[in-house]
Amino acid sequence: MDRSWITVDGNEATASTAHRANEVIAIYPITPSSNMGEFADEWSAKGHTNIWGTVPEVTEMQSEGGAIGAVHGALQAGSLATTFTASQGLLLMIPNMYKIAGELTPFCMHVAARTVATHALSIFGDHSDVMAVRQTGFGLLSSGSVQEAHDFALIGQAATLRSRVPMLHFFDGFRTSHEVAKIEQLSDDDIRALLPAEAIAAHRQRALTPDRPVLRGSAQNPDAFFQAREACNPFYLACPGIVQETMDQFAQRTGRKYHLFDYVGHPEAERVIVIMGSGGDTVVETVEWLAAKGEKVGVVRVRLYRPFSMEHFLKAVPPTVRAMAVLDRTKEPGAVADPMYLDVVTTLVEARAAGTSTFAQDPVVIAGRYGLSSKEFTPAMVVAVYEELGKASPQRRFTVGIHDDVTHMSLAYDAMLDIEPESVKRAVFFGLGADGTVGANKNTIKIIGEETDNFAQGYFVYDSKKSGAITISHLRFGPKPIRSAYLVKQANFVGCHQFVFLEKYDVLEYAAPGAVFLLNSPFDKDTVWNELPSEVQQEIIEKQLQFYVIDAYKVARDTGMGTRINTIMQTCYFAISGVLPREEAIAQIKQAIEKTYGKRGPEVVKRNFAAVDHTLAHLEKVTVPAAVSATRGRPPLVADAAPDFVKRVTAMMLANKGDLLPVSAFPIDGTWPTGTAQWEKRNIALEIPAWDPKICIQCNKCALVCPHAAIRAKVYPSDRLEGAPATFQAVDYKGNEYPGMKYTLQVAPEDCTGCTICVMMCPAKDKSNPKHKAIDMVPQPPLRESERENYAFFLALPEVDRTIVKPDVKHTQFLQPLFEYSGACSGCGETPYVKLMTQLFGDRLLIANATGCSSIYGGNLPTTPYTVDHCGRGPAWSNSLFEDNAEFGLGFRLAVDQHTEQAAELLKRLAGQVGEGLVEALLSADQATEQGIIAQRERVAALKAALHGVATPDARALEDLADYFVKKSVWIVGGDGWAYDIGYGGLDHVLSMGKDVNVLVLDTEVYSNTGGQQSKATPMGAAAKFAMAGKAVGKKDLGLMAMAYGNVYVANVAFGARDAQTVKAFLEAEAYPGPSIIIAYSHCIAHGYDMAMGIEQQKLAVESGYWPLFRYDPRAREAGASPLHLDAGAPKSEIGKFMRNETRFRVVEQQDPDRFRELLARAQADVRKRFALYEELARGSAPTTGSGSSN
Amino acid sequence: MDLSTSYLGLTLPHPFMTGASPLVDRLDLVKRLEDAGVAAITMHSLFEEQLLLEQKATMRHVVAHEESFAEALSFFPDRDDYRLGPDEYLEQIRRIKATVDVPVIASLNGSSGAGWVEYARLMEDAGADAIELNVYFLATDFETPGLEIEQRVVQIARMVKDAVRFPVAVKLSPFFSSIANVTRQLDAAGVDGLVLFNRFYQPDIDVDSLDVAPRLLLSESSELLLRLRWLAILSGRLNCSLAVTGGVHSGLDAVKAIMAGADAIQVVSAVLQHGPSQIKKMRDELERWLEDHEYQSAQQMRGSMSLLRCPDPAAFERANYTRILQTWRV
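Taken in sequence, the protein lines are chains A and B. Take the first sequence: its letters are residues 1 to 1191, numbered as in the numbering used here. Take the second sequence: its letters are residues 10001 to 10330, numbered as in the numbering used here.
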């Protein structure tokens, strides 16, 4: 049999089968399934064919609802079609899934099962999504490992063709989808052999075609529907048998045996766990360990969950079983129990009633919940479940894996239990995202998996932050297939690729006694010991670790690798671990380098080779002293001044110890305090800006562009300088609007990410030495202490009086940002807009945030960036979904307006008690200015005081609502994926309604958060995922579409090009009493260039006409002017100049210069046409757009 | 009229060819150049340093963001055919060769010894008919003596010459203290031709933004004079052929260059200004001039005004600016 061993992750394994077994693939990106669609797209783009010799058509749609619609159509037209999705995406497919099943359509889709958002979003794995479709009529086929995912993708496809019951094949998101493992790859012949030709022909025969016309999708009435709905029953009855037959055929061909319910364990087991998914592997591993100790335990792995075959289930379970625990990886609040338990119990009860029960004694069945959102599920937890089953009266409902101190449902377990055999070698590596650790580890797995007889497994834990992200790699190698679907706890090898991690994390908690500890250290073997925190020294001594150091950064520098230390550390790993002979290992590493980086250019390969060759000379073994000598321990992660919640909960999460927090530590409904990012001092910048007040012109542009609110300006009375730290800098304020005041520009040294955008923006150069600017980048460590003190002093200085701030760039930057130190990428092009929004309106702001980058850096734990002002006011923020954000924000508006109306009603009723004058003033207040708002707040305070003495229910009700007399600003924020694609229908509707909402579209022109898939905002000529050859159609003109309503305020802005226009647009949008939309150009790492150049690129984008700047204000019509005002003149440069600076365009040129030239020419022509159209509109000579009025 | 010439061992119907320029980026332009009768086409330079920079930048700004964040393990589609090495350039050579029949001369600016040799070989393999080495070191290091720069140039020429079979030309800058000696060394190293002289981006100063802005202005006929002098000095003294580049804008300019000793004439600015037809125009002007002045062939006047043969050789040798300045004052 022509099969090869490959080392791939679950997504690739699945897509590998699905791509070869289908003709039409329609997808929409969603974590953790996105990669399946990307693999399929990549293979199709490279011309890889399916088993019938055609290249599958891969199409990205505007939403999962769109993807399944396209699939439904393709199926109806007789194609073999598939899709890949997860979580909310799957939920969007439900209506169509009913249809596809109702029409008995052969179709197998693949789901990387992920948590459905409830009190919070989670990208991680559990079965809440697939459990939400169990009623659609789809078969649910569950695989539990990378190999199984590969196999079941075929079994599902074959079974659906034969049974006509559509199949949903799923596996655990991340745990399986992202686990890299060595598997045997199915050959094309295997796929061909399993897929029944006659069933495929029958499917094609059923195709909708005018040559054999039929009608499907009729509307049926009470006389017909019910019976017709029951007509499909025989197919469901036959389905389990067909799936089993298919599994048997598969086994015959491959030797891998699967059953609808796979039983593993003692043939006379008394205690059994029933489980689905990757957790099954862990239970199998534990059962084997327990069985070896003579315990009568077993596990039933559910493979086909729907249709649920009671008959097959009963056959699978040994009749000796006395107690059974059904483990669900989902939560169905309010149900009798979670779903799989109910299926099992019903099966047993019915069997007993029917007299078909095989059990000697009716087993006790208990329901357990585990593993929500990829919570670890370990052998220790499995053992705890078996122990519970051994009790005389086990807990009937339980959770395992957490500590539930509220409803006390959780089982206790021995966290230290380790059952992994010696033969499995385990390694854990701590790295930085940017240093390439994960990539090198993936190569290591491939090398060991493919060059030795060992099986290999890798799993990678990523950061919740996008800048300075840490990664933890968990690797296993062993002579047998690896079933451990959980993180390594006791590693034989711990690699710490960043010295500073020792100060933050308990890196060595992963080290088994006697393990190797490899540290990338700027200190050599003789000096490193004294630099270690005491806890680290202690652990090294206690666990008798073999301690090695290498100055990997030196090797990287010397060999031209910059900060990429991955291959250096990888070489050390191979050298120390001895997994392969040294010479062979080095040859293999080099081969992997060639494969990985060859396409990045020969120089990169050359430098990597040099790094590998120079490594071993710098690797040193440390002689470990007998006793701890350090007097310094690991510093606390948050300051003592932090609120209790931050110290109790957030700090644990920051230390990677969040798993230890009990249920009671958490809010019950997902409500979370704001302002927590300020307590996480990340210190990720190697260099920070230093201010030279002598040169500074006090323009505050640096503050405007800073993505992390880490450089700020204040103007304040000079007497407040008393007690300033010695190095605190202050100068006289230069303008005449704050006479006698002082000015300070201050960096937040521990929050700055070192992106240098502020320095690039700074226009103030030293006239005698222009390379010195008012701010220059300087090394952070020497300044950390002093600037920390300075920053604390700065923060304590009074904030500017908002009522006298002029509405321009400079003065708005004196306003306190209420969005700070987010986890966005260093140099992010979105966050300056978000920050500006909070500076201008933060104290009255409700934000509806579409899922995407902005919801992740805005709301991903452990810490979040939205914060409060000195009065405790600040943005109230929420994320509903990806697709519904405009509607969600509209809901805010409707509610706020209702509250205000009700308050007004109550106020009028209480006029006698609170005074007519106050009532009149409150109801007619002009809140267009800061003064107006402050005056209104004072009136509200007066009202509350007046109400104090009124003892009526109305007065109490008004007290609760009184704050709504103060203007509330609703902003609807999201990226282009939301605004242009998935949320466009809702956005369009909301804009049409005339309500006073403001929309901020952070346009990166690509799905940034999920890794660069094209959206309708992606410009012509740009390469993106699903547009590999460069997008051939232009960007959708969202602004023009919004203008078409005539009553929508629309602005196109780019802060790097014209910051004054940006500020103006925000103020006008806010002031406009109807719907407003700002489309904000946001440079992004997905564009592929140095983000420090983001400002320059924005300038080029505008200069070239690529990104026109305009404001469309319907109010101008009243003055007889055109509503459209162009804020940038005719294009001054060619757009090629802009495009060639960015990788997204450059790769297209590099791959196919002619195509690029053609796309460039078309894009250039589009720019001209678009500008001409805008000019006409601005002159008012074009046909007038709609003239609807706003509310 | 016989305008033919031999340059780098290539027999050309006339001396007019395009010099290194972006003209070769577009195949339609290349075709138009051939239609206009261009004798040969020189590619713009492949800059090794730029390739290295681009690869480095890709690592820093694309690869470094990969495998960092759970939802986005990469940001670009994974293609095997990213062209971050010389592939794009080599592919263009192949395409131009497939499009036109005239000789195509590749041009290279290396930054490492290995790079010069490696890329020259690749260009030969890609089908280029010859290579022009665009050697230019801006010697800003106070510790580097002029001799070392000269040795480096000669060394590169020798290495490339040893590594390839196709003809090798060296494009020189006029910034050598002894141009004649450098050319003699290059000639001895076996180079097939010299191109006089390179023109460079020059830093300009933006006095408002206090920035340095590099600029490249199109050449003018006045720049030809420097070339004429050195052509005349070198003509007849070296085995290798000579090309002039910079300042030839008309048939008359070409007459002067040929009289000074040029075997080939590279034109860029004139074509950029007036389009490919300028080649034909200049060729026709040359032909007419030769006819009007009763020459039998272009070869007949080649080198007639060189230092060896011209009536007043001292005029080329003297640093005669004093006289010119006086004349100008009058």
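Quick caveat, the hints were computed from the structure, so don't treat them as lab data. Glycine included, every Cβ here is placed at the ideal spot set by N, Cα and C. There's no promise every hint is true.
What the hints assert, rightly or not - Per the computed footprint, the stretches of chain A lying under chain B, defined by three or more beta-carbons under 8 Å from a beta-carbon of chain B, are:
#1 404–416
#2 453–467
#3 618–632
#4 786–799
#5 1087–1100
#6 1152–1161
Verification of the hints:
1. Under a criterion of three residues with beta carbons nearer than 8 Å to beta carbons of chain B, the stated coverage of the region 404–416 of chain A fails, only 0 such residues being counted.
2. Coverage of the region 453–467 of chain A by chain B holds [criterion: at least 3 residues with CB-CB distance below 8 Å; count 4].
3. Coverage of the region 618–632 of chain A by chain B is violated [criterion: at least 3 residues with CB-CB distance below 8 Å; count 0].
4. Check result for the region 786–799 of chain A against chain B: violated, 0 residues qualifying (beta carbon to beta carbon below 8 Å, three or more required).
5. Counting residues of the region 1087–1100 of chain A whose CB falls under 8 Å from any CB of chain B gives 4; the rule of at least 3 is met.
6. Check on the region 1152–1161 of chain A: 3 of its residues sit with their Cβ under 8 Å from a Cβ of chain B, so the three-residue criterion for coverage holds.
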